[in-house]
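Protein chains in written order, with my numbering: chain A, 19 to 189; chain B, 20 to 597.
Think of the hints as simulated: they come from the structure by calculation, not from any bench. All figures in this text were calculated on a predicted structure; none of them were measured in a lab. A hint or two may mislead.
Stated by the list, open to error - Okay, derived cross-link-like pairs now, EDC-like style, lysine to aspartate or glutamate, Cα gap no bigger than 20 Å in a straight line: (1) A/86 x B/38; (2) B/158 x A/139; (3) A/96 x B/322; (4) B/152 x B/190; (5) B/152 x A/120; (6) B/194 x B/154; (7) B/158 x A/36; (8) B/368 x B/414.
What the hints assert, rightly or not - Beyond 10 Å from chain B on every Cβ pair, some chain A residues (computed): (9) 37; (10) 41; (11) 45; (12) 150; (13) 152; (14) 164.
Beta carbons are placed, not taken as given, at the ideal position from N, Cα and C, and that holds for glycine.
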Amino acid sequence: MVNSEMKKRWICLFVENEIGVLARVSGLFSSKSYNIDTITVGTTEDTTISRMTISFTSDDKTFEQIKKQFNRSVEVIKVVDYTDIPIHMKEILFIRVNHCSEKDKKEIFRIAKIFDISIVDYNYSSILLECTQTEDRNDALIQLLQEKFLNRIEITRGGVVATEAIGISNR
Amino acid sequence: MKISGAEMFVKALKEEKVDTLFAYPGGQAIDLFNALYGQKDIQVVLPRHEQALVHAADGYARSTGKVGVCLVTSGPGATNLVTGVATANYDSVPLVCFTGQVPTNLIGNDAFQEVDTIGIMRSICKYAVTVRKREDLAKIIKKAFYVAKTGKPGVVVVDIPKDIQLALGDDTYPKEVNIRGYKPNTEVHSGQVKRALTVLKNAKKPVFLIGGGVNIAHANKELTELVELTRVPVITTIMGKGAIDTNHKLYVGNIGIHGCYAANHAISECDVLFSIGTRFNDRITGKIETFASKAKIIHVDIDTAAISRNIVVDIPIVGDAKKAIKALLEKAKPLETSKWINQINEWKKEYPINEGNSDMAPAKIIKAINKIFKGETIITTDVGQNQLWTTQFIELNSKRKLLTSGGLGTMGYGLPAAIGAKIANPKSDVIAIAGDGGMQMNIQEMATAVVNELPITICVLNNGYLGNVRQWQEMFYKKRYSNTCLRYRKGCEIACNNPNNKCPAFTPDFVKLAESYGAKGIRVTKEEEIEKVLKQAKKETKVPTLIEFIIDREVNVLPMVKPGNPLNEITLEFKEGE
Numbered sequence: 019m020v021n022s023e024m025k026k027r028w029i030c031l032f033v034e035n036e037i038g039v040l041a042r043v044s045g046l047f048s049s050k051s052y053n054i055d056t057i058t059v060g061t062t063e064d065t066t067i068s069r070m071t072i073s074f075t076s077d078d079k080t081f082e083q084i085k086k087q088f089n090r091s092v093e094v095i096k097v098v099d100y101t102d103i104p105i106h107m108k109e110i111l112f113i114r115v116n117h118c119s120e121k122d123k124k125e126i127f128r129i130a131k132i133f134d135i136s137i138v139d140y141n142y143s144s145i146l147l148e149c150t151q152t153e154d155r156n157d158a159l160i161q162l163l164q165e166k167f168l169n170r171i172e173i174t175r176g177g178v179v180a181t182e183a184i185g186i187s188n189r
Numbered sequence: 020m021k022i023s024g025a026e027m028f029v030k031a032l033k034e035e036k037v038d039t040l041f042a043y044p045g046g047q048a049i050d051l052f053n054a055l056y057g058q059k060d061i062q063v064v065l066p067r068h069e070q071a072l073v074h075a076a077d078g079y080a081r082s083t084g085k086v087g088v089c090l091v092t093s094g095p096g097a098t099n100l101v102t103g104v105a106t107a108n109y110d111s112v113p114l115v116c117f118t119g120q121v122p123t124n125l126i127g128n129d130a131f132q133e134v135d136t137i138g139i140m141r142s143i144c145k146y147a148v149t150v151r152k153r154e155d156l157a158k159i160i161k162k163a164f165y166v167a168k169t170g171k172p173g174v175v176v177v178d179i180p181k182d183i184q185l186a187l188g189d190d191t192y193p194k195e196v197n198i199r200g201y202k203p204n205t206e207v208h209s210g211q212v213k214r215a216l217t218v219l220k221n222a223k224k225p226v227f228l229i230g231g232g233v234n235i236a237h238a239n240k241e242l243t244e245l246v247e248l249t250r251v252p253v254i255t256t257i258m259g260k261g262a263i264d265t266n267h268k269l270y271v272g273n274i275g276i277h278g279c280y281a282a283n284h285a286i287s288e289c290d291v292l293f294s295i296g297t298r299f300n301d302r303i304t305g306k307i308e309t310f311a312s313k314a315k316i317i318h319v320d321i322d323t324a325a326i327s328r329n330i331v332v333d334i335p336i337v338g339d340a341k342k343a344i345k346a347l348l349e350k351a352k353p354l355e356t357s358k359w360i361n362q363i364n365e366w367k368k369e370y371p372i373n374e375g376n377s378d379m380a381p382a383k384i385i386k387a388i389n390k391i392f393k394g395e396t397i398i399t400t401d402v403g404q405n406q407l408w409t410t411q412f413i414e415l416n417s418k419r420k421l422l423t424s425g426g427l428g429t430m431g432y433g434l435p436a437a438i439g440a441k442i443a444n445p446k447s448d449v450i451a452i453a454g455d456g457g458m459q460m461n462i463q464e465m466a467t468a469v470v471n472e473l474p475i476t477i478c479v480l481n482n483g484y485l486g487n488v489r490q491w492q493e494m495f496y497k498k499r500y501s502n503t504c505l506r507y508r509k510g511c512e513i514a515c516n517n518p519n520n521k522c523p524a525f526t527p528d529f530v531k532l533a534e535s536y537g538a539k540g541i542r543v544t545k546e547e548e549i550e551k552v553l554k555q556a557k558k559e560t561k562v563p564t565l566i567e568f569i570i571d572r573e574v575n576v577l578p579m580v581k582p583g584n585p586l587n588e589i590t591l592e593f594k595e596g597e
């Protein structure tokens, strides 16, 4: 049965590595009035093929439509739905925290240690954190830091990269 | 041997057996035109506007099943294609459109007559590509023709920069094409066919709902066999009309917001809806929640994306309509449907389509066309009331075909499409039916028809209004005729609903206009002249005839399902104040 509930989705596309393919892919979302949450693209071991990981939120019906439309696109070679299968998923996230007091710095170091985050740059008042975890964990971390350091953080998200799991899943 | 890109282009057209090219020259296409100069195998037709050019190629393609081919220049040449590309793609017409482009080193520099053609076309066509290397040219053209005509047919746009046209390169044209991301499936799943037939077998009130896909697949003969074998009545969409002889005793009529009473009621009452080649567009479903609500729905479509998009279907069958019908024919059994057919026939008898009784009722004109044009005939329409009257009253069969812009609903389609159809089918009678509004959107094509000596019959149903919108304004906007009167003059009262002696008699004078192009122009104001002038036009062998029928100003297309209503709540007659 078709569910009209909005839900987070992930898909992986193998596409021709050509000018305009990204526009075709993103155009399909905009033509359905859907926003892409994140999109990452890179070439594969075969340089004529690019691999995209796209995350977005939609209902079942639109999701089915989007998949079918990708499948019939000349430039799209393969579509894999990552929403409910075992995958490894990572997103790179930079968080810069500004105007840190000594106390703040201590707190950030503690957070970094506990949440397995690297501190990659530092000066007397700012700290740059690098976090390579799942999208959900990154969401949670941002929320935590936002509460703690309101209006003092700057976020750069890289978008989700995902690949099928071999043995165990990590999403 | 090394040949230029332009020479490769011509060679490719020949390899693809293109006999007719619809083309309009310009600075960035001049080398392609130069290569075409003096070519005997390819007839180059020069319409007077690029929009009309695509419609002509579209009429050529729809009437033959072959790929229609267009060639225009960059910038405005390409942007003028947009409406025609969208029109053809929406109705699954196979076209390959070549556009000239500024040289690759100028792309992105805002050069003269540069636009991002592919960026513009991408969302309205099946595939669009710029040729960036001379060595890719032949491969891309081969791919373009393959993509245009296979699977669900559509439009492919190939953008060729000027330096690619001039560059020398290999002269071989590939024999085969292999696209890893495009493997159209036409075969039907036999298990699904079996399931569909099991459902159909137990039906008491089944109907076939036939869309344009059956006409595209040229499955008319097979469909008729299937219908006669199963004794299941047939309802069509506008695009599906003609899939079975409209005088067939199992044919009910068109469904939709202007469908006939019997068809709309049959859809609402049926217990199995067996649809082939239609995507359940909002114009045919009415209120979606009540559409065929008592029925199990079987849906055959070549496009997986059309399945369960608008309505949820019980049994989807993905594949080519002809192959699906053939598979069904192998196993289908006769059904006992006589009671159901009697019920439908009663509806038909009790609530026929109101033909109107004024002297110049549009139904009379369309019926006169049915009577006079008995041989091989192609009818094109414009969009609006003229189209709806035509689809209501025109009789179609194996000889008589209809070309109309169903999906996009493009005004200005009728005349150029008729030109393309006549060029492709010189022995057929070709009739363009238009309103006075749409006729003026591509009126310049009178010149194309005259210079190419195309004796087409152009029927302009002139009511001095943009009639379909006026009808909506009358029915749903309290007769506030906002900008729909084509006889409006500066100084007219805002609330004018009635033309008077201050109105210009004709804007334009279509008869004089036709004559100025070198065509015949005839004005008909009396019923008894209708058949006579049609006969006269039919006799012409070289010159187009424009017949202007002065019809009543405020005739409505009825019946009509009001927006948001279920299909079976149908307005048969409209009275003011309702």
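- Message: Are any of the numbered hints broken by this structure? If so, which, sorted upward?
- Response: Numbers 1, 2, 5, 9, 10 and 11 - these are the hints that the structure violates, sorted from lowest upward.
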